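Colleague: As a plain string of letters, each chain reads:
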Amino acid sequence: MMKWTRTLVVGVTLIVLTNAVVLLGATYNRSGDPESQLRLTQRELQHSQWRAEKDNSGITLELNWRILPAQLDRYDRYSAGRWEMPAWLDKVKLEQLGFDVAKLASERGYGRRDDIQPREVLLVLELNGPAYLQAVQRARIYADQAKALLAANSRSERDKESAKDAAENYRDEQLKNSRLFVIDAGVDLQKLRATYPDRTRYVIVHGLVRPTSVQKEGGTKIGGQITELHAERINVPYLYREVFINSAAFEVTVAFGQRLEPWIVAASRAMATNQSEEKK
Amino acid sequence: MNIPSRHEAQQRADQILVFRDELGRLEQEGILVLEPDQRSRVVDHHRNLLAQYAQNFDIDRDRRAGQLSLGMRIASLFGALALSSSVFFLFYQFWGWFSTIAQVLILVAAPLVMLGVTLFIQRKDSSGYFSKLAALVTFACFVLNITMLGQIFNITPSDNALLPWAALAFLLAYACDLRLLLAAGILCMIAWVAARTGAWGGMYWLSFGERPENFFPAAILLLMVPQFVRHSRFADFPPMYRIFGLLTFFLPVLVMGNWASSSYLDWDQDVIEGFYQVLGFVGAALAVWLGVRKHRTEVINTGVTFFMIFLYTKIFDWWWESMPKYLFFLVLGLVAVLFLVVLKRLRATNYEVLRGEQQS
Numbered sequence: 001m002m003k004w005t006r007t008l009v010v011g012v013t014l015i016v017l018t019n020a021v022v023l024l025g026a027t028y029n030r031s032g033d034p035e036s037q038l039r040l041t042q043r044e045l046q047h048s049q050w051r052a053e054k055d056n057s058g059i060t061l062e063l064n065w066r067i068l069p070a071q072l073d074r075y076d077r078y079s080a081g082r083w084e085m086p087a088w089l090d091k092v093k094l095e096q097l098g099f100d101v102a103k104l105a106s107e108r109g110y111g112r113r114d115d116i117q118p119r120e121v122l123l124v125l126e127l128n129g130p131a132y133l134q135a136v137q138r139a140r141i142y143a144d145q146a147k148a149l150l151a152a153n154s155r156s157e158r159d160k161e162s163a164k165d166a167a168e169n170y171r172d173e174q175l176k177n178s179r180l181f182v183i184d185a186g187v188d189l190q191k192l193r194a195t196y197p198d199r200t201r202y203v204i205v206h207g208l209v210r211p212t213s214v215q216k217e218g219g220t221k222i223g224g225q226i227t228e229l230h231a232e233r234i235n236v237p238y239l240y241r242e243v244f245i246n247s248a249a250f251e252v253t254v255a256f257g258q259r260l261e262p263w264i265v266a267a268s269r270a271m272a273t274n275q276s277e278e279k280k
Numbered sequence: 001m002n003i004p005s006r007h008e009a010q011q012r013a014d015q016i017l018v019f020r021d022e023l024g025r026l027e028q029e030g031i032l033v034l035e036p037d038q039r040s041r042v043v044d045h046h047r048n049l050l051a052q053y054a055q056n057f058d059i060d061r062d063r064r065a066g067q068l069s070l071g072m073r074i075a076s077l078f079g080a081l082a083l084s085s086s087v088f089f090l091f092y093q094f095w096g097w098f099s100t101i102a103q104v105l106i107l108v109a110a111p112l113v114m115l116g117v118t119l120f121i122q123r124k125d126s127s128g129y130f131s132k133l134a135a136l137v138t139f140a141c142f143v144l145n146i147t148m149l150g151q152i153f154n155i156t157p158s159d160n161a162l163l164p165w166a167a168l169a170f171l172l173a174y175a176c177d178l179r180l181l182l183a184a185g186i187l188c189m190i191a192w193v194a195a196r197t198g199a200w201g202g203m204y205w206l207s208f209g210e211r212p213e214n215f216f217p218a219a220i221l222l223l224m225v226p227q228f229v230r231h232s233r234f235a236d237f238p239p240m241y242r243i244f245g246l247l248t249f250f251l252p253v254l255v256m257g258n259w260a261s262s263s264y265l266d267w268d269q270d271v272i273e274g275f276y277q278v279l280g281f282v283g284a285a286l287a288v289w290l291g292v293r294k295h296r297t298e299v300i301n302t303g304v305t306f307f308m309i310f311l312y313t314k315i316f317d318w319w320w321e322s323m324p325k326y327l328f329f330l331v332l333g334l335v336a337v338l339f340l341v342v343l344k345r346l347r348a349t350n351y352e353v354l355r356g357e358q359q360s
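In order, the protein sequence lines correspond to chains A and B.
Anchor point for the first sequence: position 155 equals 155 in the working numbering, and the numbering is continuous, going up by one each time.
Anchor point for the second sequence: position 221 equals 221 in the working numbering, and the numbering is continuous, going up by one each time.
Calculated from the structure, these hints are not laboratory results.
This structure is a prediction, so every number in the text was calculated from the model and none was measured.
In this text, a Cβ means the ideal position worked out from N, Cα and C, and glycines have one as well.
Be a bit skeptical, because a hint or two may be false.
[As the list claims (entries may be wrong)] Examples of chain B residues toward chain A, derived with CB under 7 angstroms: (1) 94; (2) 95; (3) 96; (4) 100; (5) 108; (6) 112; (7) 149; (8) 151; (9) 152.
[Said to hold, decoys possible] Calculated from the model, a selection of chain B residues having no Cβ within reach of chain A, i.e. all distances over 10 angstroms: (10) 9; (11) 38; (12) 127; (13) 130; (14) 221; (15) 301; (16) 311; (17) 349.
[As the list claims (entries may be wrong)] Computed footprint of chain A on chain B, listed as stretches where at least three residues anywhere in the stretch have a Cβ under 8 angstroms from a Cβ of chain A: (18) 114 to 123; (19) 162 to 170.
Kindly generate the complete structure, drawing on both the sequences and the hints.
Modeller: Written out as structure tokens, the structure reads:
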């Protein structure tokens, strides 16, 4: 067996070196000016629920990001899931991200496609921008359509229910739903930043995109899904713990550093006006 | 005689017990009766050896002690797993109430302190049960350390974390002669090599399991370790490498023999499945043959197990739907009987080879 002093020295060196590498990486991420910085509210950040309070005293916030799908079906128009294809993540974009789209289109068996595996890319998130306005506009159109349908056939219980849901959805879209949308992807940080120069509205993070296809009336549509956002979970340091221990509205400034990893730089309870706005 | 490891000391002690039993029988049957002088010399020598081993390694000196130590091994394994879980939940229970600096200090200090405790216990505890317990807690503390730092600083997950984990597990395994930690180190190493292979093939590292062929380089590496690294003081370790190496090879082969869609090969699905089924049968038969030739029980057992699994999977594919169930299970039973006959013949051939080697 190894001599215990030698084991101790090797073990201590290994543990200390590993921690040093991790901590230096975190320090580098937070050095200099942040790559971007967003002011978010409870609309864009929600509590992560993993054994919250029972066995886990830590508080972790999760970025509540959304996508704007190309087209919504009747049944999911109010709650487009993240697993749908964003309108912008089409064949051309997949090609730009390095996927062999021609091969994807030609292969018969879905599972046999080599390029079906997800790839790590850079994703652009937009806060309270055109994508959000489009989502509000869509919700308004659906609400108007449902209202008109009900006016034409006021006895239908189903139409009544639809009109009520659509109106609620429109109100939620204006006051509650997240305004953070993934709106683009790329592989070159400089190019993406040149396209989206506003660092207080557009944040660039690492994430995963997986090609997929859906059967539509006109044939097979090839597009992509966003399967993961690496910067999704944000730890709340003890300093800001008080802000999050109840369900009151809050405002958080989140910075994204040199490695595009996030951290909280400021957090406070939201102004009374914001809270009353939500109650309306 | 110089006994370098606990394993060899235990092996010698077991041989002494067998020798005593056999000598007793020979004396009863009147075939061999030792002179009183010879007998007392043998008895004294064995007594001294056993006492020395017991002092140095806390070995089992008789069969009852052997039965008890099996229970102790199981208790120590469960204790180690439970204590590791306890450390994990202890930190989660309170970490939210500490400042970031305090969190980092606790996380860094925990594996360092536990490493010291493990080595201290190892010096005092010749049985190895308590040092096994402490070593696994040290490893758990280090895994928690790096995982939680990642969570505190919102660091993107990386497969590189597997390397220091593997390194510490190997260090503790070799320092304290612990197979459990060796298994932990091997598993971290398998995951890291498979993740790297997947990443070089253009995959995201966490998706490495979606292409089972990513595990083949790790299997080759594991099978090569006992060939190139001498384990004279760790007789239990080479079989561990071989078993994990064979599992890392045969399990992906089994998966791809049935689900070709996960393969890198750009062939027709049926061809891929057929290729891996043949590879599975040939590989398992080769493992049995090699195991018999090299007298490696673990290789024979793993080869036989996988040969049976491949065979039964194929029989299921062919006949489960078409045959009446009584006939299907009858075929399975007959296959098992046929297999027994083949293995019996193989064993007989092996005896003849051994006898030939001894005579020459």
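Colleague: Going back to the hint list, which numbers does this structure go against?
Modeller: As far as the earlier hints go, not one is violated by this structure.
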